[in-house]
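Construct the entire structure; sequences and hints are all you get.
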Amino acid sequence: MESPPLSNVAIAERFELLGDLLELEGAVVYRVLAYRRAAQTLRETAESVARLSAEGRLTSLPGVGQTIADKVGELLSTGEIAALTRLVSRNPPGAVAVMRLQGVGPKTARRIFAELDLKTVADVREAAVAGRIRTLSGLGEKTEAAILAGLADGGDGAAPAPRRSIARARALGETVLADLRACDGVIRCDLAGSVRRYRETSKDVDVVAAVSNRIAAAEAFTAGEWVAEVVSRGDSRIAASAHDGTVVELRMVPEGCYGNLVQHLTGSKAHNVALREAAVRKKLSVSEYGIEHVESGEVWSSDDEAEVYEHLGLPWIPPELREGRGELEAARKGALPALVEVSDIRGDLHVHTDWSDGKATLEKMVEAARGRGYEYMNVTDHSPSVGFGMGLDAGRLHAQIERVRELGATLAPDFTLLAGAEVDILRDGSLDYSDELLAQLDVVVASVHASHRLSAADQTKRVCAALESPYVDVLGHPTGRLIGRREPNPLDMEAVVAKAVETGTALEVSSQPHRLDLSDVHVRLAVEAGAMLAIDTDAHSVAAIDYLPYGVMNARRGWTGPASVANTRSWPQLRSLLKAGKRPR
DNA sequence: GCCGTTTTCGGCCCGACTGTTTTCAGTCG
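Here the first sequence stands for residues -3 to 581, where the numbers follow my numbering.
Each hint should be verified, as a subset may be incorrect.
As the list claims (entries may be wrong) - The calculated lysine-lysine pairs, modelled on DSS-like cross-linking and capped at a C-alpha distance of 25 Å, are: (1) Lys138 to Lys103; (2) Lys329 to Lys265; (3) Lys495 to Lys457; (4) Lys279 to Lys329; (5) Lys115 to Lys103; (6) Lys495 to Lys360; (7) Lys329 to Lys278; (8) Lys265 to Lys278; (9) Lys199 to Lys279; (10) Lys138 to Lys199.
Rather than coming from a laboratory, the hints here were simulated on the basis of the structure.
Spelled out as C-alpha cells, the structure:
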C-alpha cells in the first residue's frame, strides 16, 4: 500500500527547521521570516497541502511563492529538501535547540558553538557547568545560568513551553483584572493578546491598562494572590508568573492612547505586521502609542480601538478574526463576515445527564438550560459500547425517552425537551443502536469514542459511513482531539465536510475548552463548503452549560455567521433543516 | 523569500526589557 502523504504539520515542521537553521547561520533576516511565515501558513491550512501541491495551487497561499512551492513539491516527491539536508549536515546537532532556549537566540547560540568549538548539546551543557560560557565577551553568569536551566532536565532543551487552555487562561486573566480594577491608579483595563482573540490555547496572558498612577497600578498587579514570582519589571511593562507557571504580562499607558495599546497587544503578530505594512505604504507609522503621520510628524491617538481602525481606513475587526488569514483584505473590501453571537444560540443539541456519565440529573440539566434562556435542549446520553456500563442499552433508552416525553409535556410550549442520544460510531462505521431505536429519537448525535488510531483512509470511511445514515443529524466532536492530550484522528476533513454537505448532516463545534472540535481552521473549511454547524456544549454538568461561549468564539474564529449554525434557529425551523425533519415518524 | 490601491525591484512593524555594558546588541512579543 502506498504510504499516506505528509501531513500539513509535518511539512510545516520542515520549513520551520529550515528557517531556524538559516537564522543560526546568520542569513538575511527576511529570508528567515519568509520561511517562518510560510511554515505557519502551511500549518494552519485546512486543505491538504499535498493535494494543493499536486494541483499546482500552493502559491495561492499567503507567504508561499514559487521557491517554497517548489521545495514542498521536492519534499513530497523525494522525501527530503536538499537545501534543508545540507543545512542540517553542516550545523551541530542540537544547535537549534540551544538557540530556542529562553533568552539565548541565534546570535548567542552560534557564538557559543563557534568560539568554544563545541559539537553537541551535551558539550554546551558541559561548558556551562564548567563556567566557560561566561568567559565569552558579552555573556555573563545570568546567560550561563539560563542555558543550564534550559538544558537541565530532559536534556536537549527542546520541550516547548506548555500552553494553557483558553478557559484556564481567561480565568486567570479575570482574576488579575479584578485586582487591577480595585486600584485607584487604574482607569480601565482589559484582556488582550491570544486570550482576547479566543485562541484555543495561550502561552501567556496579556493584560492592558490605562493608568493615572503607574506605581500604584504596578503594586496592585504584583500584590495579587495569584503571583508566584515577578519575572520582569520595567516602567511600562511588568510580567509575573502565576503559581501554575503561566506568565501574565501587564502593559500600561496613560489615558489618551488606550485604544492604540489594546489594538497593538491584541495582535496577532501576523495581523499587526500586515496592518502596519499597509500603513507604511500610506506614510503612516503605527505603534502602541499612536499613529504617526510620517511627513508631518503628527501623532494621532485614541482611547477607542474602533477609532484606531477607522483612522487607518478600516472597519473595526473582531479580535477572533485577527490572525492574518485574510481579514484585512476582507475589511478593505467591506466583506467582513457578520459573525455568530453567543446570544444567537437558541438551544443545545448535545447534553448529558446522570443517566449515563453526566454528573447532574435530567431535571437539573433542563433547569440550567432554561435558566440560560434556551428554547430547547436535546438529551444525549451515551450508547452501550462507550464502556464501563454507563451507556444506555435499548431498554434504558426507551425508559429515558418516556421520561423525557413526560417531563417535556410539563414544559411545553415555552421549552422543548428533545429525546436524543450520542450514539457511538463503531469501528466499521455502523451505529451502536438499531435504526428502529434511532427512529424514535428527535435529534441524533453520532460520535467516535474508540479506535482512534485507524488509518486516515479507514477513519474517513468510517465517519462518512455514519454520515450516510438517515438517522444521524449531528457528527459529534468530529476529530476526537483532546487539546494537549490526544491528537485529532487522522481524517480527510475535506472528504468529511463534502459528505456532511451532501447528506445534510451538521458538524459539531464542541464548546468543551479541551476539545473545541471542530477547530477554528476546520470550521472555516466547513463554512466555506456550505456545511451546517451545531455549536454544542456536550455538557456533563450544570456548570458546563456555560462553556457555550468557547464554542461560539471558536466558530467565530472560523468566520462563521449565524446562518451556518443550525441551532441559531427555533426548534420547528431546525427540525425541518435536519434529517430529523425528513425521517418518517 | 515574498510581494504590489505609489513598486516586478527594493523594500520588508515597532517598541520594551535584560544583560552586559558604559551606549547598546540581542531577544522577545
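**Request:** Below or equal to 25 Å on CA atoms is what counts here, so check Lys138 against Lys199.
**Result:** 23 Å, holds
**Asked** CA of Lys279 to CA of Lys329, is that 25 Å or under?
**Response** 21 Å, holds
**Request:** Starting from Lys265, check that the Cα of Lys278 is at most 25 Å away, please.
**Result:** 20 Å, holds
**Asked** Is Lys495 close enough to Lys457, meaning Cα to Cα at most 25 Å?
**Response** Holds, at about 10 Å.
**Message:** Check the hint pairing Lys138 with Lys103 against an upper bound of 25 Å on the C-alpha distance.
**Reply:** Judged against 25 Å, a Cα distance of about 16 Å means the pair holds.
**Asked** Would the pair Lys329 and Lys278 pass a check requiring their Cα atoms to be no farther apart than 25 Å?
**Response** 17 Å, holds
**Prompt:** Does the structure keep Lys495 and Lys360 at a Cα separation of 25 Å or less?
**Reply:** Violated: Lys495 and Lys360 sit about 36 Å apart, past 25 Å.
**Prompt:** Straight-line Cα separation of Lys329 and Lys265 no greater than 25 Å?
**Reply:** 22 Å, holds
**Item:** Proposed proximity, Lys279 with Lys199 (alpha carbon, max 25 Å)
**Value:** Violated, because 34 Å separates the two Cα atoms, which is more than 25 Å.
**Prompt:** Is Lys115 close enough to Lys103, meaning Cα to Cα at most 25 Å?
**Reply:** Roughly 16 Å separates the two Cα atoms, so the pair holds.
In this structure, the hints that do not hold are numbers 6, 9, in rising order.
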